[in-house]
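Undergrad: Turn these sequences into a full structure, and let the hints guide you.
The lines below spell out each chain.
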Amino acid sequence: MSEIGERVKKIVVEHLGVEPEKVVDSASFIDDLGADSLDTVELVMAFEEEFGCEIPDDAAETILTVGDATKFLEKNAKS
Amino acid sequence: MRRVVVTGLGMLTPLGCGVDATWARILAGDSGGKKIDTFEVSDLPSQVACYIPRGDGSNGTFNPDQWMEPKDQRKVDDFIVYAMCAAKQALDDADWHPKSDEDQFATGTMIGSGIGGLTGIAETAVLLKERGPRRVSPFFIPGRLINLASGYVSIEHGLKGPNHAVVTACSTGAHAVGDAARLIGLGDAEVMVAGGAESPISRIGIAGFCAARALSTGFNDTPEKASRPYDKDRDGFVMGEGAGVLVLEEYEHAKRRGAKIYAEVTGYGLSGDAFHITSPPPDGNGGFRSMSMALKRAGLAASDLDYINAHGTSTQVGDEIELGAVERLLGNAASKVSMSSTKSATGHLLGAAGAIEAIFAILAIRDNVVPPTINLDNPSVQTAIDLVPHTSRKRDVNVALSNSFGFGGTNASVIVQRVTN
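Protein chains in written order, with my numbering: chain L, 450 to 528; chain B, 863 to 1283.
Possibly wrong hints are sitting among the right ones.
Said to hold, decoys possible - Once the Cα atoms are required to be at most 27 Å apart in a straight line, the calculated DSS-like pairs of lysine-lysine come out as:
{"id": "1", "chain 1": "L", "residue 1": "527", "chain 2": "L", "residue 2": "458"}
{"id": "2", "chain 1": "L", "residue 1": "520", "chain 2": "L", "residue 2": "471"}
{"id": "3", "chain 1": "B", "residue 1": "1117", "chain 2": "B", "residue 2": "1094"}
{"id": "4", "chain 1": "B", "residue 1": "1158", "chain 2": "B", "residue 2": "1117"}
{"id": "5", "chain 1": "L", "residue 1": "527", "chain 2": "B", "residue 2": "991"}
{"id": "6", "chain 1": "L", "residue 1": "524", "chain 2": "L", "residue 2": "459"}
{"id": "7", "chain 1": "L", "residue 1": "471", "chain 2": "L", "residue 2": "524"}
{"id": "8", "chain 1": "L", "residue 1": "520", "chain 2": "L", "residue 2": "458"}
{"id": "9", "chain 1": "B", "residue 1": "933", "chain 2": "L", "residue 2": "458"}
{"id": "10", "chain 1": "B", "residue 1": "1117", "chain 2": "B", "residue 2": "1022"}
{"id": "11", "chain 1": "B", "residue 1": "1087", "chain 2": "B", "residue 2": "1158"}
{"id": "12", "chain 1": "B", "residue 1": "933", "chain 2": "L", "residue 2": "459"}
{"id": "13", "chain 1": "L", "residue 1": "520", "chain 2": "B", "residue 2": "933"}
{"id": "14", "chain 1": "L", "residue 1": "459", "chain 2": "L", "residue 2": "471"}
{"id": "15", "chain 1": "B", "residue 1": "1022", "chain 2": "L", "residue 2": "471"}
Quick caveat, the hints were computed from the structure, so don't treat them as lab data.
TA: Here it is, written out as structure tokens:
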């Protein structure tokens, strides 16, 4: 997993209180990791904070899995 | 109205996590007073508070992870975590875990708070100013709202009856018990999980109550002496934190399932002072009327009372006004009644106070013992009423009344009685 992928995983584990093994690229935040719609808003905020970038709402709507987040951040991360 | 009994108790107080842990220390005359060490106090006049003892969960300490998932704790202010702790204890104690639709629909929640998520509001206001609205958490609002204590508890335990929350400052806990009993009495629920929770020990909380001149300021180096109701050296209340929750149940419902019955809620009175936002009227007529109404509802005379758990916050003005109202209520019966302020030990838990004190009144009945008013070295006035100074005492207690009075001139009195048939 990429360095960004590892950081994404750490945030997801912390915020959703899930086992690290479950946080794989294909895992859906809502369907597989028990997040609700408010959790996903907070996750996106945590990614913004960690990676120093802004994730606009229309982009946030396309981030449904751990892999989606990693892919987006590999392109857009500033820190 | 239908009869309402108490079948479960739960509490988290500065004296411990759990009813037994707290009660043992109350009876031993311990104080929960500590020097504030969780934020800067050098510029605050009051530097003492009654913290709940945090730890690994053993020996009466509070380990939040035992009561709420860490990922959920992050989303809410502490008063909600405290409510979850006390509610779980109370439901386990009552052995009431509704699973069927019928039982879930018949079980409601009424846990209030005086202020709710004060700390989270203060922190988020700073965040908003410094970093802008995009940094405000989606859990900011649902984690601060007062009724989310009831909300979280109802979700955790599947309680689908009335879902309500009281907000009457320091009367909150007593109003919650009284109002929840009413809902059962009138048939809106068979079981209610009722009480209060508060987490006010924060820089903004202490600063605010200091500004209102409500807190003790003269005992910063002897925090265990700071809460001293009725004593001539008292100089304000000591902030406390925690939660108290009772399971109230319709009498026949409790009997049918063979529940343990602690006491019956027979009286409830409530009144308004319409006088001043923070001070009671000098004649204490609001408190007098709330106590009188509770007695009338219970069908009792003042002389039937054995024990009064006073509001008694250790403020200069309030203690003597309440005492005067109680003397007027009791008349010639004053000398046979014991009245103590357990706030001398726990500090003032604001919206949770009425709930934990209703529980203390119930335990006084259960154990035939009256808890002490600690630090009462020199009473500021002479009274025929036994104020139970320093040490608890065995005596018959069959009928107990608990008073709670709040900012805004709101008064509540709850009467609990031993169930004899």
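Undergrad: Now, for every hint given, state plainly whether the structure supports it.
TA: Consistency of the hints with the structure:
1. L:527 <-> L:458: Cα-Cα ~18 Å, so holds.
2. L:520 <-> L:471: The hint holds at about 18 Å.
3. B:1117 <-> B:1094: violated, 47 Å
4. B:1158 <-> B:1117: Status holds; Cα separation ~26 Å.
5. L:527 <-> B:991: holds, 24 Å
6. L:524 <-> L:459: Holds, because 19 Å separates the two Cα atoms, which is no more than 27 Å.
7. L:471 <-> L:524: holds, 24 Å
8. L:520 <-> L:458: holds, 13 Å
9. B:933 <-> L:458: Within the cut-off at roughly 15 Å; holds.
10. B:1117 <-> B:1022: holds, 22 Å
11. B:1087 <-> B:1158: violated, 37 Å
12. B:933 <-> L:459: holds, 14 Å
13. L:520 <-> B:933: With a Cα-Cα distance of about 25 Å, the restraint between residue 520 of chain L and residue 933 of chain B holds, given a limit of 27 Å.
14. L:459 <-> L:471: Status holds; Cα separation ~12 Å.
15. B:1022 <-> L:471: violated, 33 Å
Checked against the numbered hints listed earlier, the structure breaks hints 3, 11 and 15; every other hint is satisfied.
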